[in-house]
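Taken in order, these protein sequences are the chains called A and B. Under this note's numbering, think of the first position of the first sequence as 1, with each following residue one higher. Under this note's numbering, think of the first position of the second sequence as 1001, with each following residue one higher.
I should point out that these hints are in silico values taken from the structure, not numbers from a laboratory. In this text, all values refer to a predicted model and were calculated from it rather than measured experimentally. Ideal Cβ placement from N, Cα and C applies to all residues, glycine included. Take the hints with a grain of salt, since some may be wrong.
As the list claims (entries may be wrong) - Calculated Cβ distances over 12 Å to all of chain B for the following chain A residues:
#1 73
#2 80
#3 286
#4 446
#5 455
To be verified - Below, a list of computed lysine to aspartate or glutamate pairs in the DMTMM-like style, where the Cα atoms sit at most 25 Å apart:
#6 1419/B to 74/A
#7 1419/B to 1437/B
#8 1003/B to 1038/B
#9 11/A to 1188/B
#10 11/A to 1183/B
#11 1159/B to 478/A
#12 159/A to 1478/B
#13 159/A to 1151/B
#14 1011/B to 188/A
#15 419/A to 1074/B
#16 1419/B to 1399/B
#17 1011/B to 183/A
#18 419/A to 434/A
#19 1159/B to 151/A
2 protein chains.
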Amino acid sequence: MFKHSQLESVKAWLADPAHAGLPLHARIQRAIRQLILDGALGVGRPLPASRALAQSLGVSRDTVETAYGQLHAEGFIERRIGSGSFVSQRTQPMASRGKARRGKAHSVSQAVLGQRGTALFQQGGVRDFLAPRPFAPGVPDTRGFPLATWERLQRQVLKAHGSEALLHSHPQGMSQLRQAIADYVNLERGAHATPARVLVLTSSQQAMTLCAHVLLDAGERIFIEDPVYHGARRAFEAAGLECVPVPVDDQGLRVDLLQASPQPARAVFLTPSHQYPTGATLSLERRLALVEWANREQAWIIEDDYDSEFHYAGRPTACVQGLDAHERTLYVGTFSKSLFPGLRLGYMVLPPQLVAPMTVARTLLDGHSAPIPQLTLARFMEGGHFGAHVRAMRAVYAERRDTLARLVRRHLGDFVEAKVPAGGMQMPCRLICDIAEQDAIAAARRAGIDLQGLSEMHADGQGQAGFFMGFAAYTAEEMEQATRTLEQALRRLR
Amino acid sequence: MFKHSQLESVKAWLADPAHAGLPLHARIQRAIRQLILDGALGVGRPLPASRALAQSLGVSRDTVETAYGQLHAEGFIERRIGSGSFVSQRTQPMASRGKARRGKAHSVSQAVLGQRGTALFQQGGVRDFLAPRPFAPGVPDTRGFPLATWERLQRQVLKAHGSEALLHSHPQGMSQLRQAIADYVNLERGAHATPARVLVLTSSQQAMTLCAHVLLDAGERIFIEDPVYHGARRAFEAAGLECVPVPVDDQGLRVDLLQASPQPARAVFLTPSHQYPTGATLSLERRLALVEWANREQAWIIEDDYDSEFHYAGRPTACVQGLDAHERTLYVGTFSKSLFPGLRLGYMVLPPQLVAPMTVARTLLDGHSAPIPQLTLARFMEGGHFGAHVRAMRAVYAERRDTLARLVRRHLGDFVEAKVPAGGMQMPCRLICDIAEQDAIAAARRAGIDLQGLSEMHADGQGQAGFFMGFAAYTAEEMEQATRTLEQALRRLR
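Taking the hints into account, I'd like the entire structure generated from these sequences.
So this is what it looks like as structure tokens:
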């Protein structure tokens, strides 16, 4: 009782390779549903007898019966014993579709996103380099990670905790991990931490989002470094904050400009131990002045200590949080650099009065962090594997840094001047020729090489032209080959 | 050259059990740093010779030298050969502290949070029941999870992908998992999905946060069900949206009231396959009317299909997303209920034009989801383990539902009337005695039993008094014992 065109339409649906993943009865059911949804089969119209349709389609009658059964269960058809199947009265709302569609004309593009969604999208988010190849920055060496040890500890966790490790974590984080983190930042970073003040997160990016939403309101001001880590700036802007850039010099953030600012701000974001991207370390005078400023203004210090594990000349300076007796500092740390980015564990050490509000806000963002990685990491830290891995990588990265510095001098000296950093995983290189930054990066990408431009990190997008060259994840051989390739690519631009 | 009080202060610091985790030299360094930070040791003041301090403290001279070395590296002291160590001029900013502190008096409580942070905190977030005991709702049975299979697949993932599995995931999600999810929702939920339209997230909670921020602006209206899942409502409120409650009856959301609303809204949030908390299924007529409404108004449908895997009477109705030819529907799914909450994987199936904006916004929230669980889950689904586990649990949960219904009738019939649900993991029970909801819940908690109140899910907080009793995670014996305990606790209230 199908028209020829309807039968053809069902057959076309069945044959469409896009539907090959579905069982035959489901394909028949969807094809008929589509005829109803499209209005090709109106209310009250009869369906073919299942035996007839089975014959037309060359399938078993059971298959068609299953399809009809599902259409019936979903309310698309009615089945009357002795008189067959009909398109249900319940599909009536479809009838008004054509009229309604003409009634009110919206352009889709107008209505797609909210204003803040549009702003978010245009701003571009924070993309990481996915399959790292020289010289993508910010990527640790995962080839040297003691994966076998990690897997062994995870087996221990599952043996010890069983199916309980599959349940929800406390939203503040598992106590074992909070203890290990507090011990670590107290010992290695000179922090004043207790397990009760640690909030386990998925990443430092999540910490920025939380700080922006919990501490400040839309329209309020936050001081940021200039140049600045773009992931932080974009998280603040996404929360509606006004980012006020404060210049950085070779001693880090110009805290005197904060103090002299005629307009107050509710918070300051900075990377004191190894400024991103300049590499400057905030001097002690400025650390103390910063703490005083925050106390006087009742402002918050958001201290991002993203890669302090990798400091190549003696110990890194202790963190600001440990100097702050007034508890105005939120310390942000991550395991994405010190262990591996796919772990998805970061944390904050919070002033006591912020622990409960931040934990509550975190439940609304994404609930909690996965318990198995938390428990595995706690054992990894307690067992000394974390310290050992960081020490091993520190030696590897220091050597790679020196290798890259040599390679840049030898091969790229006509184009850039490298600033050899005292820590971290990437080397800022200033362009000293007449090649534009974006041209250099585009030429490198065409040659299979990733670079990150520096000028976009400046408030006006007009900072010193140049790029970051990451070195942590690449062997000397890989870097040598890539440097030669880059040299050729840049020569072709002259 | 320390005053007696200073030496005592150092000794007290060393002896404090809170500092027992630190090596001796670090404790000495911190103790002296504290004297400087507190102003007890001013600029230019000499430190004791290391030999003398070592003797006073009963430690080796090397230990004191290490402490002094670190204080020097951090800029707290200066060391002049032949004349010893002095508090550095660089600590000068400390001197102004007292004055500054008096200069401007803020109360800490005033300045702690922004307005939106305060609102977030007061609203309370979404707390999950942590160590599930009867009758915490929303918790799956993790004791029946095939953990050995999962571990085996994870070993395969690490063997196949090696250290690459430790790197960043694509922010949209690993392609293997997006393919598996698209196949699943097409087959089981009647969706129109392709891998390119799937966005992998950590949870459906994260989906709500993303929808609220990307699709709507603060102050805009969103229709929600009344009663409603509180985690969704709170995420919308946290993003500044005005939640407009629309009543639910036994056919689900009253779509006619949406159509008749004099004021439009940019979106509607609903749980069509198994309304939370009433359990109603949205009828086909209303589904079609909803799709028409969204198309006419250019509004978004946010379809939360949180526990459709567990439907005990035939197949669940196909999802709204599959009926929506206009691509106004965002389908939200989670593996927290069908597998385990600690997995931290959920997803959205998006209209094509929303894929890029939502992916970008997600990078600002927390970057991406962990690759190892994504790859393991993809294999778990491809290998048929997901389908098998869901089928096994469906049978177990259906039996537990019937057990609980019997137990409630037998033991709690004087107090409540249970509404046996056609799906899901919890049973709504209406109080039919003169005990107040909060009294019943408090008495249960004192007796070691978790219940979730129903009236807070209503727009006015005044809905029918009663509670959810979760049954999925508990054996018949556990439920029988807990029901008897609950009966006694309620009897004592009369």
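Okay, the hints, checked on the actual structure:
{"no.": "1", "hint": "73", "result": "violated, 6 Å"}
{"no.": "2", "hint": "80", "result": "holds, 18 Å"}
{"no.": "3", "hint": "286", "result": "violated, 8 Å"}
{"no.": "4", "hint": "446", "result": "holds, 22 Å"}
{"no.": "5", "hint": "455", "result": "holds, 21 Å"}
{"no.": "6", "hint": "1419/B to 74/A", "result": "holds, 23 Å"}
{"no.": "7", "hint": "1419/B to 1437/B", "result": "holds, 17 Å"}
{"no.": "8", "hint": "1003/B to 1038/B", "result": "holds, 15 Å"}
{"no.": "9", "hint": "11/A to 1188/B", "result": "holds, 22 Å"}
{"no.": "10", "hint": "11/A to 1183/B", "result": "holds, 21 Å"}
{"no.": "11", "hint": "1159/B to 478/A", "result": "holds, 24 Å"}
{"no.": "12", "hint": "159/A to 1478/B", "result": "holds, 24 Å"}
{"no.": "13", "hint": "159/A to 1151/B", "result": "holds, 11 Å"}
{"no.": "14", "hint": "1011/B to 188/A", "result": "holds, 22 Å"}
{"no.": "15", "hint": "419/A to 1074/B", "result": "holds, 23 Å"}
{"no.": "16", "hint": "1419/B to 1399/B", "result": "holds, 16 Å"}
{"no.": "17", "hint": "1011/B to 183/A", "result": "holds, 21 Å"}
{"no.": "18", "hint": "419/A to 434/A", "result": "holds, 19 Å"}
{"no.": "19", "hint": "1159/B to 151/A", "result": "holds, 11 Å"}
Consistency note: the structure conflicts with the earlier hints numbered 1, 3.
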